[in-house]
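Novice: One-letter residues, chain by chain:
Number of protein chains: 2
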Amino acid sequence: MNDKKPLVSTKPLSGFMELLPAEQILFNQMLDTIRQTYEVFGFVPIDNPILERSEVLLAKAGGETEKQIYRFSRGKKDLSMRFDLTVPLARYVANNYYDLTFPFKRYAIGKVYRGERSQAGRFREFYQCDIDVIGNSQLALNYDAELVSVIDTIFNKLGFKQFTIRINNRKIFNGLFMELGLVEKSNKIMQTIDRLEKIGPDKVKKELENYDLTGRQIETLFNFINLKGDNDELLLGLEKIKIDNQVFRQGVKELKEVIKIIRQLGVAENNFKVDLTIARGLDYYTGTVYETKLDQYPEIGSVCSGGRYDDLASHYTKQQLPGVGISIGLTRLFDQLIKKNVLKPGPSTLTQVLIIPLTEENLDSGLKLASKLRKNKIATELLFDNNSKKSLKYANKLGVKYAVFIGETEKKGDFLTVKNLLTKTQNQLSEEELIERIKQHD
Amino acid sequence: MNDKKPLVSTKPLSGFMELLPAEQILFNQMLDTIRQTYEVFGFVPIDNPILERSEVLLAKAGGETEKQIYRFSRGKKDLSMRFDLTVPLARYVANNYYDLTFPFKRYAIGKVYRGERSQAGRFREFYQCDIDVIGNSQLALNYDAELVSVIDTIFNKLGFKQFTIRINNRKIFNGLFMELGLVEKSNKIMQTIDRLEKIGPDKVKKELENYDLTGRQIETLFNFINLKGDNDELLLGLEKIKIDNQVFRQGVKELKEVIKIIRQLGVAENNFKVDLTIARGLDYYTGTVYETKLDQYPEIGSVCSGGRYDDLASHYTKQQLPGVGISIGLTRLFDQLIKKNVLKPGPSTLTQVLIIPLTEENLDSGLKLASKLRKNKIATELLFDNNSKKSLKYANKLGVKYAVFIGETEKKGDFLTVKNLLTKTQNQLSEEELIERIKQHD
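Heads up: the protein sequence lines correspond to chains A and B, in order. Under this note's numbering, think of the first position of the first sequence as 1422, with each following residue one higher. Under this note's numbering, think of the first position of the second sequence as 1422, with each following residue one higher.
Hints are computed from structural coordinates only; laboratory data are not their basis. Bear in mind the structure is a predicted one, so any value in this text is a computation, not a measurement. Just so you know, not all the hints are guaranteed correct.
Identical copies look the same in the list; a pair holds intra-copy or inter-copy alike.
Below, a list of computed lysine-lysine pairs in the DSS-like style, where the Cα atoms sit at most 27 angstroms apart [what the hints assert, rightly or not]:
#1 K1810 x K1789
#2 K1739 x K1814
#3 K1798 x K1681
#4 K1619 x K1760
#5 K1761 x K1833
#6 K1681 x K1619
#7 K1798 x K1578
#8 K1822 x K1661
#9 K1649 x K1845
#10 K1739 x K1811
#11 K1681 x K1811
#12 K1498 x K1488
My request is simple: use the sequences and hints to build the entire structure.
Specialist: Below, the structure is given as structure tokens:
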């Protein structure tokens, strides 16, 4: 008789990514690349809680985001799981204002939660990898350019040669809307223009007509959007265009300056591009805006976006805190790249050496060697099975590179039999030779 | 008139740790040390979701833990936040049984949640750093010893010279209880014995009397607990003791074997100790058990605990999956060490070099140098302020080591003025000399 309870289903929740070892290793390597790049650009790590009082998150969330929040009560408390890393940053900077040094350059890598309807490529739990530079009442423009250099470095290191960071400045649109008397409708118009690539110019025009724009207004907008050419030609076009609005002029000036600094930082010309159609929907952004696309996989959409904002934490402090930031949504990017077979998982292990003692008498030597290799920072396992073929199978299944056999022959001759499982070659090496070989080749 | 809403409170939830940059850097360094050690011992990273279906977590949680779970509904779903990393591991191994290679050595570092009453030193969100080795129906004893070598390596690397890993085997207790006819009461008795150090032998005896133990039973228990001496003397004492129970004998044999392998792995004799009073409360553990104490700070309690269990995932699969694992609760440990002033936060930055262009004309050279240093993996910032004293103040406040000035003099002479802000010395160096110096000294 079986008196056990029925087994519980073992699937993770839908919309929650869970990886096998080989994929997880790859994912973590990407996280490490991002983290190391953030650090080399002088950003400092901050780790905020995943749970917040709901009023903190709701102060800034709106519309769709608010509906997606995981919110619940516990005792008298109204709690929510964070839906991004920016709102916790705003609370943090306001809370620690007098202890921080400005410009405050922080990075954060962590999970965020959005309980949206499950659909392909959408996750309810996903990693964001963010950097922001926060100024105290002012912030130099060179940080707007520096973030482009950060994106450039990361996607190069991740092995994507062909990607384009598209850059615009929201003041250009804002000035244009002022000039056209369309400030009231600017949000709707920008959200429509943001979809230009998706739905095409005809549908955009039709939508704009629905907002009661005149033919002349639409024409001016399209004259502007249709400016063509390389970065310098576009900048020249913007300078020549007959719009006499101060905000517009300021936007053009900032964009020109940012492009200049991007070049001084050595970002390759084919990896960035002025794109006057980038608007980044929400009215949060007030200056430079970015989007990044992988040239060969435009259907993935923007893989790194962000921009400049005038005031990070107006809900939490009276201090004015302008900032500029970017975010990489790594979970979705990783998922897409795996599905497209762009990323191919490698070994299911980080282990470089598997030590296989051939008899119980050789266990002692094997254990000592394991400790020695580990002290030399060589990832090492030892498997004793009384059956060296089974141990070898384990190594091959995982993708371990070196199998090291220790038996009586080896003990007498004071050497190790080292088999490279990738090249299928076998050598007799001393411990020191083994360590040298691995340090040089791996 | 101010028409803004009142400001929202910026404090994090109580029981949720949030660190300033200097502390966060230190915390992350400890996390990195733990992670690197886990990897060098051949463990592979796995990252499970923080949210689970409640039935998954409740299948294994019991008593106090169950009350502490953050549980809520969303739509038709009953969700909970994980309270440890072991239950998600059990579900994961059951779910991916046919894709994993056994023994499966995984590490997991992540946040877990327990909504307990707030009290000093207790956290509701905290990091656990776990490793487990999971076997497929069997698992060699050398892994029990290997975990001791892992703990030893980590606490040495973290800079604690004086710590003791206490080791026992639950079979010894279990056999003793069989011999004494106390199996039914064994859980209560073990929980009492676990508190021996806290409440002293007299109170333990009194509690045992309350459980209706006879004088002879209590005497035998104490004869056993009171075995004294170094590791070899204790093992000899155990072998000599007149208890003819098979389970007891098996426990003694395993303990002896584990101690032998620990020595072969080169763990220093003063960092581990057979301790027959370690029981580790719950009936989860079935063999080797560990606790680790910092000798100078016994009041912190165990900083790394764990043990061997017969069956990881009986609620989720019919496969028998024995395992052995340990866990470090880093949040609480870090908090205690900071409060005791054992850990002292250093700089508030990871930046090694701050470049200070003296005039706007030198911005270009500064930006080029920044990119060059970053390519050489030197963490670099550039601050242009038209006021080099303000930039220097920024560097000093953060604790940046090198300030590099670029002005007209430097440009003409083709050198950099490099100030070491720690030693207050200043040098004229070429770019290559600067890179060399930092690579050699930092």
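Novice: Determine for every hint whether it applies to the structure shown.
Specialist: We went through each hint and held it up to the structure:
In this homomeric assembly, K1810 and K1789 come within 27 angstroms of each other (Cα to Cα) only inside a single copy, at 22 angstroms, whereas the closest approach across copies is 56 angstroms. In this assembly of identical chains, K1739 and K1814 lie within 27 angstroms of each other by CA distance solely across copies; the values are 25 angstroms between and 64 angstroms within a copy. Within a single copy, K1798 and K1681 get their C-alpha atoms only as close as 44 angstroms, which misses the 27 angstroms cut-off; across copies the closest is 24 angstroms, which meets it. Taking the shortest Cα distances, K1619 and K1760 sit within 27 angstroms of each other inside one copy (22 angstroms), while across copies they are farther apart (56 angstroms).
Taking the shortest alpha-carbon separations for K1761 and K1833, neither the intra-copy value of 53 angstroms nor the inter-copy value of 53 angstroms comes in at or below 27 angstroms. Taking the closest pair of Cα atoms, K1681 and K1619 never come within 27 angstroms of each other, the shortest separation being 30 angstroms inside a single copy and 68 angstroms across copies. In this assembly of identical chains, K1798 and K1578 lie within 27 angstroms of each other by CA distance both inside one copy and across copies; the values are 24 angstroms within and 13 angstroms between. Proximity of K1822 to K1661 under the C-alpha cut-off of 27 angstroms is found in neither arrangement, the shortest distances being 62 angstroms within a copy and 47 angstroms between copies.
When the C-alpha separation of K1649 and K1845 is checked against a cutoff of 27 angstroms, the pair qualifies neither within a copy, at 57 angstroms, nor between copies, at 53 angstroms. Proximity of K1739 to K1811 under the C-alpha cut-off of 27 angstroms is restricted to the inter-copy arrangement: shortest distance 24 angstroms between copies versus 67 angstroms within a copy. Taking CA atoms no more than 27 angstroms apart as the test, K1681 paired with K1811 passes between copies only; the shortest distance there is 25 angstroms, against 61 angstroms inside one copy. In this assembly of identical chains, K1498 and K1488 lie within 27 angstroms of each other by CA distance both inside one copy and across copies; the values are 19 angstroms within and 16 angstroms between.
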